[in-house]
Structures are given as structure tokens and as C-alpha cells.
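J.: Protein chains in written order, with the numbering used here: chain U, 3 to 210; chain X, 3 to 210; chain P, 3 to 210; chain C, 3 to 210.
Just so you know, the hints here were simulated from the structure itself, not pulled from any lab data.
Take the hints with a grain of salt, since some may be wrong.
What the hints assert, rightly or not - Below, simulated DSBU-like cross-link-like pairs (lysine-lysine); rule was C-alpha separation at most 35 Å, straight line: (1) LYS50(P) with LYS50(C); (2) LYS50(U) with LYS50(X); (3) LYS50(C) with LYS50(X); (4) LYS50(P) with LYS50(U).
What the hints assert, rightly or not - Covered by chain X, according to a simulated footprint, are these stretches of chain U (three or more residues, beta-carbon under 8 Å): (5) 54 to 67; (6) 94 to 100; (7) 150 to 157; (8) 163 to 170; (9) 182 to 188.
Only a predicted model underlies this, so the values are computations on that prediction, with no experimental measurement involved.
All C-beta atoms in this analysis are idealised placements derived from N, C-alpha and C, irrespective of residue type, glycine included.
Number of protein chains: 4
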Amino acid sequence: VSVESGTGRIGTLVDGVFAIAMTLLVLELIPSGSTEGSLASLIGAWPKFYAYAMGFLVLGIFWALHRSIFGHIRRSDEILVWLNILFLLFVALIPFSTAILGQRPPSRGAVVLYGSNMIAVSLPLGGMWWYATGGSRLVAPDLDPRLVRHRRMAFALVPLGFAVGVGLSFVSTALSLGLFSLMAVFYIASSALLRRYRDGEHLTGSGP
Amino acid sequence: VSVESGTGRIGTLVDGVFAIAMTLLVLELIPSGSTEGSLASLIGAWPKFYAYAMGFLVLGIFWALHRSIFGHIRRSDEILVWLNILFLLFVALIPFSTAILGQRPPSRGAVVLYGSNMIAVSLPLGGMWWYATGGSRLVAPDLDPRLVRHRRMAFALVPLGFAVGVGLSFVSTALSLGLFSLMAVFYIASSALLRRYRDGEHLTGSGP
Amino acid sequence: VSVESGTGRIGTLVDGVFAIAMTLLVLELIPSGSTEGSLASLIGAWPKFYAYAMGFLVLGIFWALHRSIFGHIRRSDEILVWLNILFLLFVALIPFSTAILGQRPPSRGAVVLYGSNMIAVSLPLGGMWWYATGGSRLVAPDLDPRLVRHRRMAFALVPLGFAVGVGLSFVSTALSLGLFSLMAVFYIASSALLRRYRDGEHLTGSGP
Amino acid sequence: VSVESGTGRIGTLVDGVFAIAMTLLVLELIPSGSTEGSLASLIGAWPKFYAYAMGFLVLGIFWALHRSIFGHIRRSDEILVWLNILFLLFVALIPFSTAILGQRPPSRGAVVLYGSNMIAVSLPLGGMWWYATGGSRLVAPDLDPRLVRHRRMAFALVPLGFAVGVGLSFVSTALSLGLFSLMAVFYIASSALLRRYRDGEHLTGSGP
Numbered sequence: 003v004s005v006e007s008g009t010g011r012i013g014t015l016v017d018g019v020f021a022i023a024m025t026l027l028v029l030e031l032i033p034s035g036s037t038e039g040s041l042a043s044l045i046g047a048w049p050k051f052y053a054y055a056m057g058f059l060v061l062g063i064f065w066a067l068h069r070s071i072f073g074h075i076r077r078s079d080e081i082l083v084w085l086n087i088l089f090l091l092f093v094a095l096i097p098f099s100t101a102i103l104g105q106r107p108p109s110r111g112a113v114v115l116y117g118s119n120m121i122a123v124s125l126p127l128g129g130m131w132w133y134a135t136g137g138s139r140l141v142a143p144d145l146d147p148r149l150v151r152h153r154r155m156a157f158a159l160v161p162l163g164f165a166v167g168v169g170l171s172f173v174s175t176a177l178s179l180g181l182f183s184l185m186a187v188f189y190i191a192s193s194a195l196l197r198r199y200r201d202g203e204h205l206t207g208s209g210p
Numbered sequence: 003v004s005v006e007s008g009t010g011r012i013g014t015l016v017d018g019v020f021a022i023a024m025t026l027l028v029l030e031l032i033p034s035g036s037t038e039g040s041l042a043s044l045i046g047a048w049p050k051f052y053a054y055a056m057g058f059l060v061l062g063i064f065w066a067l068h069r070s071i072f073g074h075i076r077r078s079d080e081i082l083v084w085l086n087i088l089f090l091l092f093v094a095l096i097p098f099s100t101a102i103l104g105q106r107p108p109s110r111g112a113v114v115l116y117g118s119n120m121i122a123v124s125l126p127l128g129g130m131w132w133y134a135t136g137g138s139r140l141v142a143p144d145l146d147p148r149l150v151r152h153r154r155m156a157f158a159l160v161p162l163g164f165a166v167g168v169g170l171s172f173v174s175t176a177l178s179l180g181l182f183s184l185m186a187v188f189y190i191a192s193s194a195l196l197r198r199y200r201d202g203e204h205l206t207g208s209g210p
Numbered sequence: 003v004s005v006e007s008g009t010g011r012i013g014t015l016v017d018g019v020f021a022i023a024m025t026l027l028v029l030e031l032i033p034s035g036s037t038e039g040s041l042a043s044l045i046g047a048w049p050k051f052y053a054y055a056m057g058f059l060v061l062g063i064f065w066a067l068h069r070s071i072f073g074h075i076r077r078s079d080e081i082l083v084w085l086n087i088l089f090l091l092f093v094a095l096i097p098f099s100t101a102i103l104g105q106r107p108p109s110r111g112a113v114v115l116y117g118s119n120m121i122a123v124s125l126p127l128g129g130m131w132w133y134a135t136g137g138s139r140l141v142a143p144d145l146d147p148r149l150v151r152h153r154r155m156a157f158a159l160v161p162l163g164f165a166v167g168v169g170l171s172f173v174s175t176a177l178s179l180g181l182f183s184l185m186a187v188f189y190i191a192s193s194a195l196l197r198r199y200r201d202g203e204h205l206t207g208s209g210p
Numbered sequence: 003v004s005v006e007s008g009t010g011r012i013g014t015l016v017d018g019v020f021a022i023a024m025t026l027l028v029l030e031l032i033p034s035g036s037t038e039g040s041l042a043s044l045i046g047a048w049p050k051f052y053a054y055a056m057g058f059l060v061l062g063i064f065w066a067l068h069r070s071i072f073g074h075i076r077r078s079d080e081i082l083v084w085l086n087i088l089f090l091l092f093v094a095l096i097p098f099s100t101a102i103l104g105q106r107p108p109s110r111g112a113v114v115l116y117g118s119n120m121i122a123v124s125l126p127l128g129g130m131w132w133y134a135t136g137g138s139r140l141v142a143p144d145l146d147p148r149l150v151r152h153r154r155m156a157f158a159l160v161p162l163g164f165a166v167g168v169g170l171s172f173v174s175t176a177l178s179l180g181l182f183s184l185m186a187v188f189y190i191a192s193s194a195l196l197r198r199y200r201d202g203e204h205l206t207g208s209g210p
């Protein structure tokens, strides 16, 4: 198998972009000069730390999803490469749109930008799964079809959820933020608690 | 085979530089303070987002070309290492020259700088392909000679196209920008749509 | 074995975050404009260089501990992934809390922030070792139980030490800083000088 | 062989730090605001571009040396890890000391800082080679002893050359800069032109 058709370097590039985006969050959200280091001013800065933690976990979710998808992809082609670069283009924007959202109180524009960014990240991510699994194009031919279907549905629901959140911002930005937080918490809880059972028992074709 | 003669760490270094350059584009092109987060101001900032997307895709093109070349290179030597460092030296300048180009309206100096940067990136990239394939120096001896010739020609045409663009800037900077955009769009379209057929059918000697 | 269940990409992401955090220390602690480059002003800036070196070594310690843990972990699951992302969330804060601590004289708030950051980094790190080794969940079944126990104890002592340091800051911040430095020096000395004997002779089950 | 004793993650961390240091050079040496993008102002900024290129090539030299050393190292231990972290501690300072040196005219303090930084990078780098090859501690037992000796000598000469450069700065900073440039040019020329013959013909024990 030619190196060109492997996925090793796609993983290295993606991990690099995520590592930098995660570290840039600190610079964007908690500039060094923003606190004098007294206990009171540090405690008063808790909304910044909260925004940082949320932004970090969202990046963590997308990284975990990418890793999980590429755990099943065996080959690459130019279309996968370009879906992946499109994915990274919007991942690199997350620290920016998270910082805009971190301004208090968040404006409707900030919520729309953030939600649109999340949709723009989700679409090429889901697109890679749809493309790679279509006719077992880039995955093992014996990949469990229930796993393929289940994830296809999940990847279609994620941008839908964010679209609803963007729509809700025209009623109340607090509602949008609530929905976004709920989706993040729900994903982490379900993937850490449920997926081990689900994949391990009846969905995964590959071994542990 | 000694680790020293492999290409693994060249790939890690290159992926790291690209990951950082891609993420720095956001900082250079869309500083956090540049928008108050209202819908109107975000929409008004669209030229910045456009410049960001273009800069990102150009970095994506050069990354994809590097990955594609090194998919065929089997060994490394010091000359390859230094051509590669020269390549990175100019890749790391791309966020800078893209930011200069992003100033509206773009001056002739900005176009000349940008075009020269692209030529300076293309030459060592093409140089690596010419050097590695000459006498099958660093590639598999059975690499399809048509693939070698085809890419050699392509790598000679890229800097030529940018040189024409730089020349056009003395007529009109808009013409130069048009040519640069056309080259990027043409590359992505042709590589995603045509290369699968081309390489898959009759040019590649290696498997899928 | 499925790629998804390996630990390769966890390592790449972690190494990327550490590489950036290490390099950001320079930007946070020694801004270019902070010295005019005369010998006298450079020598006068020694506390900044000292703070930089300390911060770098602490990042080095956590990196070495992570690498050492993952040298024994053979598989991954979602819980490990999320403990790891939590670990990175606090690692990325280290340059920030080190910079706050670097302000002279360090306030109690700075010491509490720094110590809390260290505790917050240590807990998920130790958590990964406890989780992975519990019932040989993610490690080789023949891993020496003495090595497992020894490290479990060590990972419980680290956050305890930092908690004592945070408590001491209410007596004297100098005492806290002394304890933190002592812990770092002790770790590096003991790991470089003693661990080769300890692991090599009777604790490691795996080969050299 | 345990993963812990391999050198894979040392390479990833080192490549990450170099990738970031190389990219930070642009930010330190050529801030976006420093030029208005007219042809005249860009040409007038050539000393900044020259300083950038020199800084990049020096980082390239140290990266190539590290890669070359680790091409022969087969195992790792804690002492190698800590020599490596010490090496990175000073590598991460290179963009800073290069930026100080880039101020025109360079002061004696800047030359002393730069030279000292180079010495501080060279010592742990050479230390790794001495340590790893002593009694074939971490290298293959059949590594050509002439290669070991030749490189030991080279790694002892590098810090000596920089020490001479630092000393010369008390006569004339221009002399120091001349020596530093000469050393860089000589290294790149000799490694690219001569090493292929030398290693290939009679020094390397490992295959191509």
C-alpha cells in the first residue's frame, strides 16, 4: 500500500491544528494582563475560565469524533483530504468564535456566528463518514452496517441541533446557549458511559 | 533500514509548521478586537473571512502536494532535508504575505510579495520531486515514469503561473488576484475530480 | 486491532499541546520588548529567565509522566480519552498560571492559582493510571503489580503535596514556592538517578 | 520492547517545538504592522527578512542534527529524556534571542545572549550523543566506532566555536556575527555536499 493512500499524515495535521486551537483558547479568553493575580480578581474572572473550559471541551468533542471516524477509515483519496481541510478551516475558527461568544452579555450576532461555526465544522466531518462508508469506499468491507447507519444518523442530527440553536437565538440567546451546553454535556456523558457498552457489545465489527 | 534515512520526522515537522501557519491565519486576518460581535459588524467583516478561507485553501494545496510527493519518496538524504527546510522557510511566511494581501485595496507591492512567496514555496517543492525521482534516487525503482514526467511538468508550471501573475500586477492588481484564485480553484477541482481517475487507472504503480 | 482503540493519536495531540505550551512560556514570561538587549538589562532580567526555566521543567515533568504512563497502556476507551482531554485542559493553563506566579513579589492569589492548577493537572493524570490499571483494564495483564501499586501511591502523593503548598501560602508564600521547587527538583533527580535502577532491577515487567 | 523505552514521542515533541519556534520567528521578526505593503517599504525591510532566514536556517541545523542523532538511538531512558527537555528549553529561546540580535546595530549584550543560547543548545545535544553511544548504551552495538568518534568531536567543536564568537564580541560584534554566519553556511554546505559521500562510503554501519 502506498503511503499516499494512508491516513497517518492527515491525523498528524489534524492533531496539530487541534493542539494549537486548544492552546490559543487561553490566549483569546484569559489574556495575562486581564488579572492582577489577587484572589478576589481571580475569583471574579470565573466566567472567563468557564468559557475557556466550555470551548476546550467542544474542541475535545470534535477531536474525539475525528479520531473515532479515522479509526475505521483505512484508505484516503483526494476528496477525503479536501473534506478534511474544509473541516480544519472551520476548526481553526473555533477559538475566535468562542472568544466572541465569551463577551458578556452575548449578542445575537455572537450566537449566530458560534452556531454557524459549529454547523460548518459538523458538515465536512459528517461528510467524511458518509463518503468513506458509501459502498465501503475507504473502510473495511466487513464494517458493521449498523455502526455505519447509527453514526450517519448522529452526524446528520448534530448540525440540525445547532441550526435549532441558531434559530432559538431570535427568541432568546440564553435558550441557544442552554441548548449548546446541553448538547456538549449529553455527548460527553453518552460517549463515556454508553458507547463502551454499545460498541463493545453489538455494533463494532473490529476487535477491542 | 536506519531511521535516519526514513521520512517520518520530515512529515511530522512539516505537518506541525502547516498546522501552526493555518491557525495563525486567524490571528493575522481576523484579530478578536476587530469586531464587536453584532450581526451587522460580522457580516461587514466578510472580506476578512474570505481572505482567511483563501489563505487556508492555499496552505491546504501546498500541504496536499507535499503529502502526495512524500507518498512516493522512500528514503531521505541531506539534500532532501535542506530542500524541505527551504520549503518550510517560505511556507511559514504565507500567513504574513496573505495578511499584507488582505489589506484593501491590495497594493502592487502586496501582490508582488504574495506572488514571490508562492514562487519561493513552489521551487523547493518541485525541486524535491525532481531530485528524488532523478535516476530513481529516493523513490521505488518501479515508479511509473509517466507519473514522474507528468508531475515534473506540473511542478514547473506552478511557479511560471505565479510569475505571470506577478507580471500582470504591473497592468492591474485585480488581474493578478483573478489569476491566483483561478489557479487555486483549478487545482482543487482537478485534484479532487480528475486525479482519482487518472492515478487510479493508468499512472500509479502502487496499489490503492 | 482497530486504530480507534490505539493510543497513537492521543500521544500526538498531547505532544502538540505540550510543545505549544512550552513555547508560549517564552512569549508569556519574556516578551521581546521587555529588554533593550544590553548586557546589564539582560542580566537584570534573570528572574524572568529563572521563572521560564522552572515553568519549562514543570511542563517537562508532566510530559515525562504522561509518556511513562502511556508506555504501559495498550488500549484506549472513551473514558481514557476524556480523562486525557481534562488533563490537557489544565496543562494548557500552565503558561498562564506560571506567568501570574512570575510577577514579583508573588501574591497569595498567584500561589493558590498555581497550586490549584498543578492539582488539577495531577488528578486526571493519576486518574488515567488508576483507571487503566484497575483489573488490567487497558494494560498488559502481566504488568508487574508492584509497579502499578508504586505509581498509584506516587500519583496520590503529588496532588497532596501541592495541596500542602497551597495551604502553606496562608502562612508564607515563600514557603509554598520553596515546597514547589523542592518537589520539582526531587522528581527530576529521583527519576533520572533512581528510576533506572528501580525499574530496571525489580519493578518493570517489560523488557529494556 | 515497551513503548516507554522507544523514542517516538521524543521525536513528536521535538518536531512540535521546532515547528512552533520556526513559525514564531515570523511573528517576532516581521510583525504584520511593520510594513505598509508598498514595494519600497518591503524592499526596505530586507534586513528583517535576512534575519528571519538566518534564524530559520539555524533552527533547521539543530533540527537536522537532532534527527540525525535519533536516527541511531534505539532506546531511551530518563537521562536521555531530561537531556532532551534541557535541549528544548534552550531551543524555545532561539526566536527570542534571534529577535534581540535582529535589532540594528546589534549590541554586545545581544551577541553574548545569542552565542550563549547556541552554546546552551549545543551542550545537551552533544550530551545526548556522548551518553547514548557510551558503551553502546542506547545505540545498536554494531554502530561504526568511527562515526561515533567523528560526531563526538564535531559536537565538542560546535560550542567551542560559539564560545570563540562570544569572546570576539569584546573586540567587535561584526566579527562575532561573521563567525556565526560562517559556521552555519559551512555546516549546511558540508552536510549537504560531503556527508552523503562520507557516511555512504565508509562511516555508516546501517543500510541506505
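J.: Confirm or reject each hint.
T.: Now the hints, each set against the structure:
1. LYS50(P) with LYS50(C): It holds: about 26 Å lies between the C-alpha atoms, which stays within 35 Å.
2. LYS50(U) with LYS50(X): Roughly 26 Å separates the two Cα atoms, so the pair holds.
3. LYS50(C) with LYS50(X): holds, 26 Å
4. LYS50(P) with LYS50(U): holds, 26 Å
5. 54 to 67: It is violated: at least three residues are needed, and the region 54 to 67 of chain U offers just 0 whose Cβ sits closer than 8 Å to chain X.
6. 94 to 100: Satisfied; 4 residues make the cut.
7. 150 to 157: The restraint on the region 150 to 157 of chain U is violated, since only 0 of its residues have a Cβ under 8 Å from chain X and three are required.
8. 163 to 170: n = 0 at 8 Å, threshold three: violated.
9. 182 to 188: Check failed, 0 qualifying residues.
Comparing the model with each numbered hint stated earlier shows that hints 5, 7, 8 and 9 do not hold.
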